[in-house]
Structure formats: structure tokens, C-alpha cells
Amino acid sequence: MNNRFFKIDSSSRFITAITVGQVPRDGIEFIQQTPETAHVAIGWSYAAGGFTDTSADYKPRRNS
Amino acid sequence: MMIPYPSPRRTSSGDPGTLLFRKRVLAFGDFDHIKFTESTLTSKADIVALINGIEVGLDPRQIELRFISIGAGGAGASGASAYGGLAAIPFERSLFLADVDDGDIIIDVGAGGLGTAGDIGNTGSASAVTFANGSMIYSQGGFGGTSDAENQRAFYTLSVGYGAQHADPTLNLDGPSSPYGPGCGGSRTPAYTGAGGFSNNVDVDTAGYPGFGFGEAGSNAPEFIAGRYGAGGASNADGGPGGAGGIPGGAGGAGDAAAAGGEGGRGEVQIQVIVWEIIR
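Going line by line, the protein sequences match chains L and H.
Under my numbering, the first residue of the first sequence is numbered 927, with each subsequent residue one higher.
Under my numbering, the first residue of the second sequence is numbered 62, with each subsequent residue one higher.
No wet-lab data here; the hints were simulated from the structure.
Be a bit skeptical, because a hint or two may be false.
[Unchecked claim] With a straight-line cut-off of 25 Å between C-alpha atoms, the simulated SDA-like cross-links for lysine to any residue are:
(1) H/LYS105 x H/ASP163
(2) L/LYS985 x H/ALA287
(3) L/LYS985 x H/GLY224
(4) H/LYS105 x L/LYS985
(5) H/LYS105 x H/ILE167
(6) L/LYS985 x H/TYR199
(7) L/LYS985 x H/THR177
(8) H/LYS96 x L/LYS985
(9) L/LYS985 x H/SER196
(10) H/LYS96 x H/THR218
(11) L/LYS985 x H/ASP163
[To be verified] Pairwise CB distance ranges (calculated):
(12) L/ASP952 x H/ASP120: 31 to 39 Å
(13) H/ARG341 x L/LYS985: 50 to 58 Å
(14) H/ARG214 x L/GLY953: 32 to 40 Å
(15) L/LYS985 x H/GLY301: 30 to 38 Å
(16) H/ASP91 x L/PRO950: 30 to 38 Å
(17) H/LYS84 x L/GLY953: 20 to 28 Å
(18) L/ALA982 x H/THR218: 15 to 23 Å
(19) L/ARG939 x H/ALA210: 30 to 38 Å
(20) H/GLY78 x L/SER937: 58 to 66 Å
For clarity, every value in this text was computed on a predicted model and none was experimentally measured.
Yeah, the Cβ is synthetic: ideal placement off N, Cα and C, and Gly gets one too.
All chains should be modelled from the sequences, with the hints used to inform the complete structure.
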């Protein structure tokens with residue numbers, strides 16, 4: 927778990943992927959996955975320090 | 062009708078003027094490619110430096126870069142009846158070094174989907190190469206296993222849209238093999254505990270062996286060789302977890318109701334460097 931990171935779209939706040947390692951850049955931020963957040967998946971959102979299951983509203987885009 | 066006899070082309074000296082070419086794969090130590098097993102910020106200049114560390118004096122117009130993106134495998138579901146995860150869908154594209162954009166190249170490596178006891182499996186994440194001009198070489202991760210045939214077929218349909226070549230995973234409880242990619246995870250019912258699927262099943266020399274026994278993991282690809290993939294993990298009964306998918310891209314098998322589905326194999330990005338040259 928120590929090298930897994932949530933890849934987060936800075937504007938929509940959706941988690942678009944979980945990556946091994948991280949490359950932060952303009953518009954994309956990363957937060958480390960922990961045992962407590964092992965269930966958090968693509969389509970959830972990260973805002974105000976908390977994770978929310980928003981996968982029903984998530985439409986995958988390949989360029990994010 | 063008479064077939065016109067082709068007149069051989071000749072140089073002024075009368076020689077046929079034949080040129081012999083070959084494509085030579087550049088070795089990086091024991092590896093036949095440059096391997097990225099985690100996300101990395103690199104650049105065209107970094108790749109040029111790596112190549113120059115092996116061989117100097119090559120022309121960027123004779124260096125083909127074969128980029129292979131491999132997403133991560135999906136996790137298996139967990140339940141009395143549950144499906145295994147789906148394999149990642151690798152994608153490759155070749156560019157000559159001279160045509161690669163100057164500047165940063167971002168490598169994102171997808172992490173494998175995780176399983177949860179009593180729940181569906183999570184989807185494996187994409188791996189991608191992103192160039193300075195925004196162009197991407199992208200591989201979709203494998204979708205997570207589900208607990209019913211309708212949802213499993215919906216994810217299978219999405220997979221085919223991304224280029225998956227394996228069969229419908231609801232047709233058989235043994236996970237489908239992929240002719241040219243990673244293997245899918247095994248599925249289960251109370252009456253049957255399915256094995257995983259082979260990777261690269263088109264060629265017995267390069268195929269990866271899947272998990273067969275209860276909860277057995279799919280084999281990892283040999284790390285030195287480009288274009289090989291992880292096999293699928295087996296499903297499990299008797300309260301045990303599903304077998305993990307092989308690295309890279311293999312999917313996890315279904316777990317028993319009390320245990321998690323197997324984790325998908327992580328993704329990877331490979332760059333094979335191919336030198337085009339004249340033999341004589």
C-alpha cells in the first residue's frame with residue numbers, strides 16, 4: 927500500500943486512477959493510499975480532506 | 062497470357078544494387094527494453110542519454126521506439142458465486158526518435174485493482190505515456206470482477222471496445238485466456254472453482270501459466286523480455302481469497318464469500334529501442 931497513490935483531477939476532484947508512484951503536474955494531484963482507504967476506487971472524489979463515493983456520476987475520460 | 066518478365070534493375074557497373082537491412086533490438090543489460098515499473102517523469106533527453114550510454118553515433122531517424130503501455134489487472138469479486146477480474150488491455154505504438162516531441166515524457170503506471178470480502182473487485186488502473194504535445198499511448202486497466210452475469214458482460218463489452226481479444230467471461234467459469242495480452246481471473250460457483258486464463262496464449266513459447274489450484278496466483282511475465290504479460294489468478298473456495306493476477310496486467314480470481322477476490326497485477330510501461338541499419 928505504501929507506493930499506491932490516488933490520481934486526482936484538480937478541477938473535478940474525481941479519482942481517475944490509482945498509480946504505482948506519482949508524477950504530480952498541472953491539473954493533477956496525488957494522495958497516498960493507506961490501509962484505511964483500501965476500498966476507495968476510481969470514480970470516488972477527494973475534497974476537503976475526505977473521500978466520497980461519487981462513482982455513479984463518474985464518466986471516465988482517457989486524458990485525465 | 063504471357064507474364065512480363067521483370068527486367069532486373071542494374072547500376073551503371075552492372076551490379077544488381079541490392080541493399081540488406083535489418084532491425085536490431087538494443088540491449089540494456091539483460092533487458093531487451095527500458096522498463097518502468099512505477100510512475101516516472103522522464104524526457105526525450107533522458108531517453109537519448111540512456112541510448113547513448115549503450116551505443117553512440119546513431120541517427121535519431123534510424124532509432125525506432127516501441128512504446129508498450131500495460132494497464133493493471135482487475136481484482137476478482139468475492140461471493141458464493143462470483144466472477145474473476147478482467148485482464149488489462151495493452152496498447153503499443155512505435156515512433157522514430159526523430160519524431161518524438163522534445164520535452165517531458167510522463168509515465169503513469171497503473172496499480173492493480175484490490176478485492177474486498179463480500180464485494181465486487183475494483184478496476185485496475187490505466188498506464189500511459191504522455192508527451193509534451195499531449196499525445197498519449199494509453200492502456201486501459203482491467204475491469205473488476207462482479208457478482209452477476211449482466212454486469213460482468215457490461216464490463217466485458219467495455220473491454221472489447223478498448224481492444225480486448227479474449228472471450229466473454231460469463232461463458233465459462235475458467236477465466237478466459239488472451240491470445241496477445243494478460244489473462245483473466247477465474248470465476249466460481251458453489252459447485253465449481255475456476256482456474257485463471259493464460260497470457261499470450263497464441264504462442265506456447267511466450268504464454269504465461271495461470272493459477273489452477275484454489276487461490277493460486279497467475280504467473281508473472283519474465284521481466285527481461287518485452288511484450289509478455291501476467292496470467293490470471295485462480296478462484297477459491299473453502300473460505301480462501303482469490304489468486305492474484307500475474308505482473309503485468311493479469312487479473313485476480315474470485316474469492317470465497319468470506320474472503321477478498323485476488324488483486325490485479327500492476328501495470329508497466331516498456332520502451333523497446335530498435336535500430337534500423339544497413340548490413341551491406
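Cross-check of the supplied hints:
For the suggested pair H/LYS105 and H/ASP163, the alpha carbons sit about 6 Å apart, so the restraint of at most 25 Å is met. Proposed proximity of L/LYS985 and H/ALA287 is contradicted: the alpha carbons are some 32 Å apart, above 25 Å. At roughly 19 Å between alpha-carbon atoms, L/LYS985 and H/GLY224 fall within 25 Å of each other, so this suggested pair holds. For the hint linking H/LYS105 to L/LYS985, the alpha-carbon distance of about 32 Å lies beyond 25 Å, and the restraint is violated.
The suggested pairing of H/LYS105 with H/ILE167 holds, with an alpha-carbon distance near 10 Å, which does not exceed 25 Å. Note on L/LYS985 and H/TYR199: the hinted pairing holds, with a Cα-Cα distance of about 17 Å set against a maximum of 25 Å. Between L/LYS985 and H/THR177, the direct Cα distance comes to roughly 23 Å. Compliance with the 25 Å bound is thereby established for this hinted pair. At roughly 31 Å between alpha-carbon atoms, H/LYS96 and L/LYS985 are farther apart than 25 Å, so this suggested pair is violated.
At roughly 21 Å between alpha-carbon atoms, L/LYS985 and H/SER196 fall within 25 Å of each other, so this suggested pair holds. In summary, the hint linking H/LYS96 to H/THR218 is not supported, as the alpha carbons are separated by about 30 Å, beyond the 25 Å threshold. For a cut-off of 25 Å, the pair hint linking L/LYS985 to H/ASP163 is broken: about 32 Å separates their Cα positions. One distance hint, 31 to 39 Å for the beta-carbon pair L/ASP952 and H/ASP120, holds here, with the actual separation near 34 Å.
Roughly 56 Å separates the CB atoms of H/ARG341 and L/LYS985, a value that falls within the hinted 50 to 58 Å. Between H/ARG214 and L/GLY953 the beta carbons are some 35 Å apart, a value that agrees with the proposed interval 32 to 40 Å. The hinted range of 30 to 38 Å is satisfied by L/LYS985 and H/GLY301, whose Cβ atoms lie roughly 36 Å apart. For the hinted restraint 30 to 38 Å between H/ASP91 and L/PRO950, the CB-CB distance of approximately 32 Å keeps it satisfied.
Hint check: H/LYS84 to L/GLY953, Cβ distance near 38 Å, so the stated range 20 to 28 Å is violated. Under the hint 15 to 23 Å, the C-beta atoms of L/ALA982 and H/THR218, about 19 Å apart, fit the expected range. As the Cβ distance of L/ARG939 to H/ALA210 is approximately 34 Å, the hint placing it in 30 to 38 Å holds. At about 60 Å, the beta-carbon gap between H/GLY78 and L/SER937 stays in the expected band of 58 to 66 Å.
Of the numbered hints listed earlier, those contradicted by the structure are 2, 4, 8, 10, 11 and 17.
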